[in-house]
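S.K.: Now for the letters of each chain:
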Amino acid sequence: MLKAKIFVQLKPSVLDPQGKAVTNSLHNLGFDKVLQTRISKYIEINFDSDDREDVSRQTTKICDSLLANPNTETYHFELEEIKS
Amino acid sequence: MKVRVITFPGSNCDHDAFEVFSERGHETRMIWHKDHSLEDPDLVILPGGFSYGDYLRCGALARFSPIVTEVISFAQKGGLVMGICNGFQVLTETGLLPGALMMNSTLRFICSHQYLRVESSNSPFTFKINPGSILDIPIAHKEGNFFIDPDGLKSLQDNDQILFRYCNHDGIVSAKTNPNGSIDSIAGIVNRSRNVLGMMPHPERSATDSVCSQDGKQIFSALERYFTGSA
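Protein chains in written order, with my numbering: chain B, 1 to 84; chain U, 1 to 231.
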């Protein structure tokens with residue numbers, strides 16, 4: 001079986017107010033070397049398949065059709081074998 | 001008009017919209033999101049609320065409800081569609097409207113009265129409302145910060161697609177009068193063919209005699225004028 005580990009991130013050109021708020025909090029905590037924080041989504045999907053090529057194709061389709069909004073987000077993923 | 005109000009799991013302004021249109025004498029029906037027929041509408045309302053709990057992204061899951069396929073095909077044939085708040089978010093997810101609605105720059109849910117400036121009367125939704133008119137229409141959202149890339153924004157501006165901008169009571173549009181960080185202070189837009197409207201403010205919450213602002217009535221009257229004129 002395969003697990004897709006998917007990261008959905010805001011495009012660099014899109015302002016991330018949550019990330020900004022976290023940066024401010026980190027500065028308040030004394031982490032003054034923190035330059036920037038970006039909040040992303042991490043999604044795991046388990047597939048009942050060992051065919052990496054097919055799972056990769058399906059994951060791309062899943063990201064394009066639902067998980068990421070092409071207006072504001074980009075995504076990347078990696079596949080990992082899992083023992084059933 | 002035959003008005004159809006869609007209910008998604010998590011919609012919470014569907015009854016408000018239903019009441020306003022019924023009170024104004026329109027043949028209004030509620031349509032469940034799993035239905036497959038819009039029952040011959042003149043106008044479809046995608047109401048406010050939290051469809052599917054706003055899971056993943058606001059509007060992202062509602063976009064795949066069976067009835068939305070019908071809404072898309074109705075809109076593509078020129079049918080009038082109005083998305084309010086969460087309905088606006090659903091419309092951007094379907095691609096019927098460009099852009100996306102991001103979290104408010106304040107990171108807060110905002111529930112308050114808000115002045116809007118009508119920017120164009122060239123739409124069924126603002127038909128014969130004088131551009132520059134100022135409407136007091138409430139907002140209630142956390143994800144109302146409209147975002148679009150620079151080319152998309154230019155296209156909205158060049159094609160007169162921005163119908164409403166956030167302003168103050170004098171009609172001044174500035175960063176100070178922008179409640180949520182929305183690009184170019186955009187509160188509502190139409191598509192290129194001008195039959196699909198998305199707006200974050202809630203005209204249905206300011207259109208009955210029992211509430212203090214009734215400026216939402218202007219938008220419903222505009223629709224009625226347009227419909228009577230074109231029928």
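No lab work stands behind these hints: they were computed from the structure. Heads up, a few of these hints could be off.
Stated by the list, open to error - No more than 16 Å apart at the CA atoms, straight line, and that leaves these computed lysine to aspartate or glutamate pairs for EDC-like:
#, chain 1, residue 1, chain 2, residue 2
1, B, 41, U, 54
2, B, 3, B, 73
3, U, 2, U, 23
4, B, 11, U, 23
Stated by the list, open to error - Not the full set, but computed from the structure, chain U residues with beta-carbon under 7 Å of chain B:
#, residue
5, 22
6, 24
7, 25
8, 55
9, 103
10, 107
The model shown is predicted, which means the values in this text are computed figures rather than measured ones. Don't be surprised by glycine CBs; every beta carbon is placed ideally from N, CA and C.
S.K.: Taking the earlier hints as the rules, which of them does this structure contradict?
M.R.: 2, 4, 5, 6, 7 and 8
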